[in-house]
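Can you make the complete structure from the sequences, with help from the hints?
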Amino acid sequence: MTLLITVFAAIIATVKWYNRKDDSMKLGILLWMYWGASIMWLVDAIFEYAELQAEYFTPALEDMINDSFLGLSVVALGLVIWVVRLLITDPKGSVRAALKRQSAQ
Amino acid sequence: MACFLVPVAESVVIKAVEKAEEKHEQLAESSKTGSFTIPLSRKLKWLTHMLWGGAVLLAFEHVWHGEVVPWFPFLTAMSDPADTAEMLYEMSTVGVTMALLITVVWIGMCLASDAIAKRPVKEESKAAAVGGK
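Protein sequences, first through last, are from chains X and W. For what it's worth, the numbering used here labels the leading residue of the first sequence as 1, then goes sequentially. For what it's worth, the numbering used here labels the leading residue of the second sequence as 106, then goes sequentially.
The reader is advised that the hints may include incorrect statements.
Each computed BS3-like pair below joins lysine-lysine, with the alpha-carbon atoms no more than 27 Å apart [as the list claims (entries may be wrong)]: (1) W:Lys124 / X:Lys92; (2) X:Lys16 / W:Lys150; (3) W:Lys227 / X:Lys16; (4) X:Lys26 / W:Lys120.
These are calculated hints, taken from the structure and not from any lab test. Note that the coordinates shown come from a computational prediction; the quantities given were computed from them, not determined experimentally.
Right, here's the structure in full:
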């Protein structure tokens, strides 16, 4: 489930990046992160499959729920890293403009 | 257990190479020709982003499973010699495969992006897009 959720996040980020009008949202970092994690979890899944064989595809409900929570948390962490980086690099100058406006008041 | 440490180590090495390449490209910029090519430093940036980004998210998974802790020695497998041996085995198998697969995917991406960059711009597709409205 973690792998599946991360792959979907990577695909959505890639489609968003492809349809971008400019590079101001810095979506690239998000898709690199999700694709990197997806590849790493794919390797993890292959090794786990080699060990468990067919049992790998029939996980217990509790494990699936836990893995889903983990997958969603991973996606959330990726988004947090992206947002923090976006605010710090401030490519549109929005943060700087807002700070200037506040100090002028 | 600590498989994410192998991609982290690779990303540190690649980052150093990327910085050196960036400097080298800045020096060589004056002798640049008009043709469009993707600089190696930019391609290396893709690899480091994939490596560190993936490793950060994977490290979070290890925290989630209690394999990484915020106190010394940070890896729970380090407290027992048998677990340490298992961790090193996992790093040498799963960790190395992760780093290798990401590098293989990156090589494929570099080849594809070079081919895309060399592709001529299709004027007729532009005209079709305008005419199709």
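Going through the hints against the structure:
1. With a C-alpha separation of about 26 Å, the suggested pairing of lysine 124 of chain W with lysine 92 of chain X holds against the 27 Å cut-off.
2. For the given pair, lysine 16 of chain X sits about 20 Å from lysine 150 of chain W by alpha-carbon distance, which is consistent with the 27 Å threshold.
3. Distance check on the hinted pair: lysine 227 of chain W and lysine 16 of chain X sit about 23 Å apart at the alpha-carbon level, within 27 Å; holds.
4. Only pairs whose Cα atoms come within 27 Å are accepted, and lysine 26 of chain X paired with lysine 120 of chain W is accepted, the gap being roughly 20 Å.
Checked against the numbered hints listed earlier, the structure breaks none of them; every hint is satisfied.
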